[in-house]
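**Q** Sequence:
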Amino acid sequence: MAAERAEGGAAVQQVEQPAREERLILAVEGMTCAACVARVEKSLKRVPGVRVASVNLAAERATVVYDPAQAAVGDLIGAVEKIGYRARVPRPEAGADAEREARRREIRRQRRTFALAAVLSLPLLVAMIGHAFDLGGPLLRFLTNGWVQFLLATPVQFVAGWQFYVDAYHNLRGRTANMSVLVALGTTVAYLYSVVVLLFGPSLGVHALYFEVSAILLTLILLGKLLEALARGRTSEAIRKLMGLQAKTARVLRDGREVDVPVEEVRVGDVVVVRPGERVPVDGVVLEGHSSVDESLLTGESLPVDKGPGDPVVGATINQHGTFTLRATRVGRDTVLAQIIRVVEEAQGSKAPIQRLADVVSAWFVPAVIGVAALTFALWYAATGDLTRSLLNMTAVLVIACPCALGLATPTAIMVGTGVGAEKGLLIKGGEQLETAHRLQAVVLDKTGTITKGRPEVTDVLPVEEGQVVTSPYRCSDVLRWAAALERRSEHPLAQAVVAAAEREGLALPEVEDFRALPGRGVRGRVEGREVLLGNRRLMEESGVDAAPLAAEAERLEGEGKTAMLLAVDGRPAGIVAVADTVKETSAAAIRALRGLGVRTIMMTGDNWRTARAIARQVGIPEEDVLAEVLPEEKAGRVQELRRQGLVVGMVGDGINDAPALAAADIGIALGTGADVAIEAGGITLMRGDLRGVPAVIRLSRATIGKIRQNLFWAFVYNVLGIPLAALGMLSPVLAGAAMALSSVSVVSNSLLLKRFDPLRGLEAEQAAVR
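Numbering (the numbering used here), first residue to last: 342 to 1112.
Calculated cross-link-like contacts (lysine-lysine; reagent style DSSO-like; alpha-carbon spacing at most 27 Å): (1) 423 - 386; (2) 1096 - 582; (3) 383 - 423; (4) 925 - 794.
Have a look at the derived ranges for each label pair, beta carbon to beta carbon: (5) 849 - 959: 25 to 35 Å; (6) 460 - 1073: 17 to 27 Å; (7) 715 - 1090: 28 to 38 Å; (8) 673 - 460: 46 to 56 Å; (9) 500 - 470: 16 to 26 Å; (10) 674 - 612: 16 to 26 Å.
Hint data in this document are derived by calculation from the structure and do not stem from the laboratory.
If you're wondering where the values come from, they're calculated on a predicted model, not measured in any experiment.
We put the CB at the ideal spot given by N, CA and C, even for glycine.
The task is simple: from the sequences and hints, build the whole structure.
**A** Right, here's the structure in full:
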């Protein structure tokens, strides 16, 4: 909107500037369950200028989109700390070591706390077992003494269990409740009841103590938190592996000398020396030398890639044999590795739509449980008049009902799934993209550069004699040599393919005299004293060459989607050189695998129908699923048309030319290779540029969503069954505590099973089947 105000008699128009947006990732410490997640999100969203706040319990990350004109980073950190959690901005330069050390500190803290609780609770456990089996002896008489149990249980309750009190206080002060409230409430009831009995039991006629209940409960819960911390540390292994790929130092040429410097000090334009066996420190372009580079850790491609002058190299890949120098083109946060780490971090910190159900349930869960616990106490006391039994059943309800499993069910699976994808060269931007992929019903494939290699290659060299293809004086090498000699003087893309083929064959190309390029027809010149023509039928007709002997073969080749160039020597037909944008070796296998997954495959291209149908036949796409002669600006519209038919559509393209179509699809899948990967183009990027990555992504998505559904099912079932059993008095508080502790561990462990899943397994067999 525009507003006007008078200033010095003149009207000055003010135009409201569009709000800027920035994305910030905060590391949040102290969250224990899904209720904590909801609380942190709510607090962040209250900050003026915050557009989106999404918190991931498993990753302990908050992703915030905000207007920096209205909110500062300090405001966001303050909003988190105000409600009792710790927040900080992760330092990218700290790298894998800092991340690993933070995890280790948390595990060491949980281990010390558990050890203290376990040492003090063990005598109480012995006393409980001895009492249950009516055992005697001086040791048991000592351990069952009320004051001894008080001395053992008190440090467990208020030292080992202090973290639950602090967290519960902050939550209750913020008018919310989480797992810590349930644990603190349940164990405190058992502890205080025992203290009252110890002090006033004889006068009240009550003698049973339950110090062991509170102490053992806390010990089991702390064991669960320790196991959970260990398991959750493994879910982020993919990030640590990626961070660990970065070289620590680089050998840079400075003033004519080789100097080893920290990789952080390398600047764009520096010349870097890379020796055999070393990691390439930064992204760059080879200046001198030849070698082969292992890029498998970034792209999943198992075969080393040959590199020479002018070729791009990616930081963190491994130089295998030769020594070469490179000029740094991208350093620090701009390298491909840094971009990948950033994308994977954001993906692991994101939420899948399926998480919304758990979020809604968790928001009401803890208050509902407290209500059920109070009702349990009231009903039991009204029915039996037994205060002890009523308190124990209420405690069991409070302890067994923990929303931890609900909060971890989705994010742990997303973290492991995106991590597995990153290790296999499948870069998935977030939980939403990972979830959408499993619902794909149709995949639209761009032809050039996606199904095909995107560059023309010589496919056929056919010598001709006396009207037919035979072994002739014009041997294949002669046909290719003469054609390449002429085409070496041309700048046409097809010409470059012919010259490249001759160079691969090691042919020595003769000089050409009287060279002429004839636009729309071909080229001509004198080669080794002979008049040589290379071009289309029109050139042959204009030059008086009878092309009839070549016509049948030319038509056959053109029917296969190839460009047939006719060769004439001294006015007589000599052969045909066919050039085509050839199909990638893996395309047919990928399309076959997609069909096996029940996904419809559609090819879209700007090429003519004849070429399009020929390529479709080669890869197994039915003619009715071919869209040809589609202009670049029409591609997005065709994708939207498919979506209007009710299909969930994925678009696969090169990530640059197909950007509008990628954005128009339910999910865009960009093909990219090496340093040229277009990470920003699609929701998913296939680092290898291999079309088999598309079925691999769908398989990984289905496996991940399967794990999420299993986790949510068992988390819900656990509570649906556990709470009634506890309320009916069929579970002791100790058993309830053990079950609660194990529920979170089981969810995380189930997610970790995804690490064994290889989305590419079996696709090589598809490749063999196609051959």
